[in-house]
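Quick mapping for you: the protein sequence lines, in order, are chains D and X. Just so you know, we're using our numbering here: the first sequence kicks off at 591 and counts up by one. Just so you know, we're using our numbering here: the second sequence kicks off at 18 and counts up by one.
These are calculated hints, taken from the structure and not from any lab test. Take these hints with a grain of salt, some might be off.
[What the hints assert, rightly or not] Capping the alpha-carbon separation at 25 Å, the derived lysine to any residue pairs in SDA-like fashion look like this:
1) LYS102(X) - ASP677(D)
2) LYS792(D) - GLY155(X)
3) LYS792(D) - VAL60(X)
4) LYS723(D) - THR35(X)
5) LYS723(D) - LEU59(X)
6) LYS64(X) - ASP91(X)
7) LYS723(D) - ASP269(X)
8) LYS102(X) - LYS769(D)
9) LYS633(D) - ILE41(X)
10) LYS792(D) - SER814(D)
11) LYS743(D) - LYS769(D)
12) LYS64(X) - ALA836(D)
13) LYS743(D) - LYS633(D)
14) LYS64(X) - GLY124(X)
15) LYS811(D) - LYS769(D)
16) LYS102(X) - ALA43(X)
17) LYS792(D) - LEU755(D)
18) LYS769(D) - THR35(X)
19) LYS792(D) - LYS102(X)
Every value quoted in this text rests on a predicted model; they were computed, and no experiment measured them.
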Amino acid sequence: MTDKALSLNELQQAFQSAVLQLQDTPPDFVVDTDQASSTVRFKVYTDAYRLRLIEALSADYPALQQYLGDEDYDTMCRAYIDTSPSDQFSIRWFGRHLNRFLTAAQPYASQAEVAELTAFEWALSEAFDAPDKAVIDYNRMAAIAADEWPSLKLTLHPSLRRIDLQYNTPQIWQAATDKDPLPLFTANPDTQAWIIWRQHLKLLFRSLSVEEAFAVDAFIKGESFADVCSGLCEWFDEEQVIMHAAGYLQAWLRDGWIVECRFQ
Amino acid sequence: MSVVNQRRNLGFGLGLRTNHYETILADKPPVDWFEIITENYLVPGGKPLHYLDSIRADYPMVMHGVSLSIGSTDALNFDYLRQVKALAERIDPAWISDHLCWTGVNGVNLHDLLPLPYTEEAIRHVADRVNTVQDFLGRQILLENVSSYITYAHSEMSEWDFLNAVAERSDCLILLDINNIFVSARNHAFDPLDYLDNVLVNRVQQFHIAGHLDLEHIIIDTHSDTVIDSVWKLYEAALRRFGMISTMIERDDNIPPMNELLAELDIARQITASLELVA
Numbered sequence: 591m592t593d594k595a596l597s598l599n600e601l602q603q604a605f606q607s608a609v610l611q612l613q614d615t616p617p618d619f620v621v622d623t624d625q626a627s628s629t630v631r632f633k634v635y636t637d638a639y640r641l642r643l644i645e646a647l648s649a650d651y652p653a654l655q656q657y658l659g660d661e662d663y664d665t666m667c668r669a670y671i672d673t674s675p676s677d678q679f680s681i682r683w684f685g686r687h688l689n690r691f692l693t694a695a696q697p698y699a700s701q702a703e704v705a706e707l708t709a710f711e712w713a714l715s716e717a718f719d720a721p722d723k724a725v726i727d728y729n730r731m732a733a734i735a736a737d738e739w740p741s742l743k744l745t746l747h748p749s750l751r752r753i754d755l756q757y758n759t760p761q762i763w764q765a766a767t768d769k770d771p772l773p774l775f776t777a778n779p780d781t782q783a784w785i786i787w788r789q790h791l792k793l794l795f796r797s798l799s800v801e802e803a804f805a806v807d808a809f810i811k812g813e814s815f816a817d818v819c820s821g822l823c824e825w826f827d828e829e830q831v832i833m834h835a836a837g838y839l840q841a842w843l844r845d846g847w848i849v850e851c852r853f854q
Numbered sequence: 018m019s020v021v022n023q024r025r026n027l028g029f030g031l032g033l034r035t036n037h038y039e040t041i042l043a044d045k046p047p048v049d050w051f052e053i054i055t056e057n058y059l060v061p062g063g064k065p066l067h068y069l070d071s072i073r074a075d076y077p078m079v080m081h082g083v084s085l086s087i088g089s090t091d092a093l094n095f096d097y098l099r100q101v102k103a104l105a106e107r108i109d110p111a112w113i114s115d116h117l118c119w120t121g122v123n124g125v126n127l128h129d130l131l132p133l134p135y136t137e138e139a140i141r142h143v144a145d146r147v148n149t150v151q152d153f154l155g156r157q158i159l160l161e162n163v164s165s166y167i168t169y170a171h172s173e174m175s176e177w178d179f180l181n182a183v184a185e186r187s188d189c190l191i192l193l194d195i196n197n198i199f200v201s202a203r204n205h206a207f208d209p210l211d212y213l214d215n216v217l218v219n220r221v222q223q224f225h226i227a228g229h230l231d232l233e234h235i236i237i238d239t240h241s242d243t244v245i246d247s248v249w250k251l252y253e254a255a256l257r258r259f260g261m262i263s264t265m266i267e268r269d270d271n272i273p274p275m276n277e278l279l280a281e282l283d284i285a286r287q288i289t290a291s292l293e294l295v296a
């Protein structure tokens, strides 16, 4: 029989455990009615909990859903939900550990492309609502004095996400977004650098050459223009390095990546 | 605490949903105000805040949260409250509401609006926390009655007595969800008019109306369909008791084009007009 002295905290602990652990029998403080048993009534909560979180994951991982197919996707989501209860006030962040889960849990851990697609989609979702920041234009960069160039450091747009991919993942994602049949995953001979960002509210991504990826990563790490040029000497002749670096900066201005020039 | 009574009539509103953003900006539909889901805009930047600011320039707004978890025995989340306050400073809402429920304990969020037991202990617990929240936000908040599917064995009173007691002891206002009354009445076998007739008139600030999913043995509050006649009748009864109250249609799933929601909103307008209430 029900414990009348059950405190509010005890009730909530028992209720939550029953939902998280998908208990077959509801806690004994749930009453039957003529219309429905306590089991049927409590099941509304255990079902709704999982369905709501699956829906939230689908908003962030539509290509993954299409790739796995509804049944396997549902199984995967339920496994993630059962290992990763939400600890955030907003359901927006519930899917942030999915990549970590898929790289560790079987059978997904042996399907590297699944985790990679997840990483790509999560990076897109982060770029989607990353902070806004005004970008600088060509004039700002043209105004840099010759003796300031070596110490130039860049602050890049907060939406920028750098990601290295082993597969043709962006192609898969694009097909899913366009509602086209998905091509097969194929592994690249070498890791391919990609960058994802938001420009004028639009999500964009493009691949990077090894050299440009080095330059972006170096600026993200806080290195100066002189340091970046010196690093680029691994690929370019010394007399051509500045021209290549300037070419990158021009492209980055066009793409809206640079929000600030700093000199330290 | 010292707060200004915010009771004012905004007219007939809709929930702001992403698939209507462009239509709203292009057509400026005849909606008196929009209700936003607070958490959808507690993000750093990008489209959500861009559209929020653009639409706010043309329409009054209210903020409706789902994460306050006012009934939880966990500590209040002041990080969340700080963000709610900052968003309120950004969009200057007519008011801020959340639900009379709990959403999780031990730092876990079940992202569901879970019912509280109707006990004196729960009243004291919730009223204390509402006071803290209102002090922090510097304004009265509204709490909404949630749909529920279970009855707790140790509840000591009716849902409406519980709702009234929380509102009176914390001096907060009520967002009365007419559909939730209908849903809970069926699920718990009470007369929805008994509920309406017992809610304190001077505490009700806003109405919600919505559709639901009727499985016969139980009704689920899905906000996925049109408002049914029985709920419209209950709305009419509510208007007779409470007078013209800011009314909003909630649709969260199977969201139709804006013109269908406008047509539904017109039904609310017509019912109100037929009663010769001043909108």
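When the hints from earlier in the document are held up against this structure, which numbers fail?
Numbers 2, 6, 7, 8, 9, 10, 11, 12, 13, 14, 15, 16, 19, in rising order.
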